[in-house]
Amino acid sequence: MTDRPEEKSGTSRRAFLRTAGLAAGGAALGAGAARAATPDPLITEVQPWAMFLGEGVDATPYGMPIHFEDHVVRRNVEWLTADPIASINFTPIHALDGTITPQGCAFERHHSGAIELSKEDYRLMITGLVETPLVFTFGDLMRMPRITRTAFCECAANSGMEWGGAQLNAVQFTHGMIHNMEYTGVSLRTLLEEAGVKPEGTWIYVEGADASSNGRSIPMEKALDDCMIAFTANGEALRMEHGYPVRLVVPGWEGNLWVKWLRRIGVHDGPIESREETSKYTDLMPDGRARKWTWALHAKSVITSPSPQMPIGHRPGPMVISGLAWSGLGKIARVDVSLDGGANWQTARLAGEPGDKALTRFYVDHVWDGKPMYLQSRAVDETGYVQPTKDQLREIRGVNSIYHNNGIQTWYVNENGEAENVEIG
Amino acid sequence: MSRLGKRFAGSALVTTLAAVPALAEPLGLGRAALPEEIAAWDVAVMPDGRGLPEGGGNVWDGEDLWIDHCAACHGDFAEGAGVWPPIVGGAGTLTATRPLKTVESYWPYLSTVWDYVNRSMPFGAAQTLETDEVYAITAYILYSAGLVDDDYELTNENFTENRLPNEGGFYIDDRAEVEFPIFTQDACMSDCRGEVTIVARATDLDVTPDFPVIRNLYSDPLVIEGADAPVDEAAATPEPEPEVQLAALDPELVAAGETAWRQCRSCHQIGEGARNGTGPQLNSIVGAVAAGVEGFRYSPAFVEAGEEGLVWDAATLDTFLENPAGLIPRNRMSFRGVRSPEERAALIVYLKSHTD
Chain A
1 MTDRPEEKSG
11 TSRRAFLRTA
21 GLAAGGAALG
31 AGAARAATPD
41 PLITEVQPWA
51 MFLGEGVDAT
61 PYGMPIHFED
71 HVVRRNVEWL
81 TADPIASINF
91 TPIHALDGTI
101 TPQGCAFERH
111 HSGAIELSKE
121 DYRLMITGLV
131 ETPLVFTFGD
141 LMRMPRITRT
151 AFCECAANSG
161 MEWGGAQLNA
171 VQFTHGMIHN
181 MEYTGVSLRT
191 LLEEAGVKPE
201 GTWIYVEGAD
211 ASSNGRSIPM
221 EKALDDCMIA
231 FTANGEALRM
241 EHGYPVRLVV
251 PGWEGNLWVK
261 WLRRIGVHDG
271 PIESREETSK
281 YTDLMPDGRA
291 RKWTWALHAK
301 SVITSPSPQM
311 PIGHRPGPMV
321 ISGLAWSGLG
331 KIARVDVSLD
341 GGANWQTARL
351 AGEPGDKALT
361 RFYVDHVWDG
371 KPMYLQSRAV
381 DETGYVQPTK
391 DQLREIRGVN
401 SIYHNNGIQT
411 WYVNENGEAE
421 NVEIG
Chain B
1 MSRLGKRFAG
11 SALVTTLAAV
21 PALAEPLGLG
31 RAALPEEIAA
41 WDVAVMPDGR
51 GLPEGGGNVW
61 DGEDLWIDHC
71 AACHGDFAEG
81 AGVWPPIVGG
91 AGTLTATRPL
101 KTVESYWPYL
111 STVWDYVNRS
121 MPFGAAQTLE
131 TDEVYAITAY
141 ILYSAGLVDD
151 DYELTNENFT
161 ENRLPNEGGF
171 YIDDRAEVEF
181 PIFTQDACMS
191 DCRGEVTIVA
201 RATDLDVTPD
211 FPVIRNLYSD
221 PLVIEGADAP
231 VDEAAATPEP
241 EPEVQLAALD
251 PELVAAGETA
261 WRQCRSCHQI
271 GEGARNGTGP
281 QLNSIVGAVA
291 AGVEGFRYSP
301 AFVEAGEEGL
311 VWDAATLDTF
321 LENPAGLIPR
331 NRMSFRGVRS
341 PEERAALIVY
351 LKSHTD
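Protein sequence lines, in the order shown, are assigned to chains A and B. Numbering-wise (this note's numbering), the first sequence opens with residue 1 and increments by one. Numbering-wise (this note's numbering), the second sequence opens with residue 1 and increments by one.
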């Protein structure tokens, strides 16, 4: 049961309470020790929903979440970009559970706005170093051998505002440039084989149909490995903001490569060196030079609850610490959680079998003693890569590389159960 | 390990070219692309100049085009305007506390500039520039960066003679070699560090947008000493705003106008919370004096029109929307105009519906 959330500034520490007529029990509380002073009218009195009729099956042909969940929405950080049309918003990961991100609240990144492109008007062209340059309609694509897989899509700039130190006081803003969906579509290999790649074709260049015509170069090895074009996500057509009717899926690699409204795949003998792979999505290092082609997203995790948007609101006792872990290099092997800022670690329980380049949910079933905690999580993937601390990253990369910040996050949880984004020394 | 092998080690790619099985038989789906279709879409340009169309443009023409199409966001001298990116400047800042990454200081290849201007600019009117105009604007950027003189003409012939200062400033991802040896060591599980102190708090910066806090209802709620009392929602609900009288406006026209508005919204905002972007926000624009929206930096041409008393009524809006450059020459709104009189009428009613 979720109460209505209160508007709260990320900086003011006002703590509202809703006790709903329940009085807390004595000081020495164990399991089931809470006591009610008076009978709960929600139980003793017949409620309207138990008397009157609800909505019929024709009331909502396509349903939205119940209005009590109105606060579980994407949010924008206005000062990040010049214009909301060329901008990014953030998934409310604090309020979701499991691993699949619903499309309607999965973060969006557009360079010239989300466009309306119908299946009827959709064309996909394969050009360049191929035997036969081809044009496909949407219907043509639906006749090709189909595959389904789940993958996370993370913006390379996720946590990018935290390089200089703790900046945004909400997990939605520090880690919300990520979503995880089950896609259905056609493997890029199938499409490329249809056109016949010439031996000198070592790179592809993928481009969108929107006004930004966002384009990126991808080496042929990756294109033929596990890339796909998707037309459904989580079982239904892609939403407009996720590239309807067709987007590219590049598992494990930065979200900017996942071109939406995909209209062209060029086969080339080298990278195009487009704006998005030179002036952006290159990682400036302390010596003034920059790493390029840093496509893969390395192992990362974060505790989504408790976090600044999801404080602990109960007295000491059992609670669930929950979070997400992922790696662009494969499957998550293990997640460790620390309550004391990284001095001691316990291994978390993973929910379900970790997927390849997909989000993994972890839980720690914890009995809180009411004392402050410095909560951290640390992902380890199947290659043996251990999520580093932010300081370990800064030692190598400095603080101006913007992208690929996969450092360990710390939430300080005080004795009131409120969490905040801190850096510790 | 080969350079290629190392690169893909960093990306955990196991497939190699040698391991790719023989190509499967084609399905025979789709159709062959026509040369005209390929020419229309396959316009990407590579650093060695491959893909550049024939043509050219000089710095002087580039400056005029720049003022018309680019300066509103990027400044008259490509130095940037407001929150929009500077295109030149920043040389020598890449090791500074706040690096300024521009074509002059950071971009490695001129082909990227040409390609991006050609395909993606101007913002909100992409792919409307002619080939020679793209050359001229690129020439103006080179001039603004101090890389060519003011009498320079850039063409497909001399294009690759121009090298950008930071071409050598990039190297291929070496995380596998530099970072993996450190980050694949066994993780410490106990007594891994000394005492913890907080050295930075996000709340000190005060830049987080407001967010709602989710508080579940518990049988044993944590009562915080000195916390604010629960908010009485009924008392906190503000008085509803009086409804705007729109009775005179035909709802069908307003709806048609809203559809037509799509071509405006990449630059203009309207409605609750509208703010200035590439163009001014347009609430209450009908009946207002031209160039009067607070906080927006208008072109000199627009300011002049306002000073001469141009008022946005149905007639002036209709003329302007049909051909923006006709009513106010040399204004910075890079928009071709709305040809259909019905569409213009609908747009004007839609604008009117956003009048306080």
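Don't read these hints as lab results, they were simulated from the structure. Hints may be right or wrong, so weigh each one.
Pair by pair, the computed Cβ-Cβ distance ranges are [to be verified]:
| id | chain 1 | residue 1 | chain 2 | residue 2 | range |
| --- | --- | --- | --- | --- | --- |
| 1 | A | L350 | B | R339 | 58 to 66 Å |
| 2 | B | G273 | A | W49 | 30 to 38 Å |
| 3 | A | W49 | B | C188 | 30 to 38 Å |
Just so we're clear, the structure is a prediction, and the values are computed from it rather than from any experiment. Even for Gly, the Cβ is constructed at its ideal location relative to N, Cα and C.
Results for each hint:
| no. | hint | verdict |
| --- | --- | --- |
| 1 | L350/A to R339/B: 58 to 66 Å | holds, 60 Å |
| 2 | G273/B to W49/A: 30 to 38 Å | holds, 35 Å |
| 3 | W49/A to C188/B: 30 to 38 Å | violated, 53 Å |
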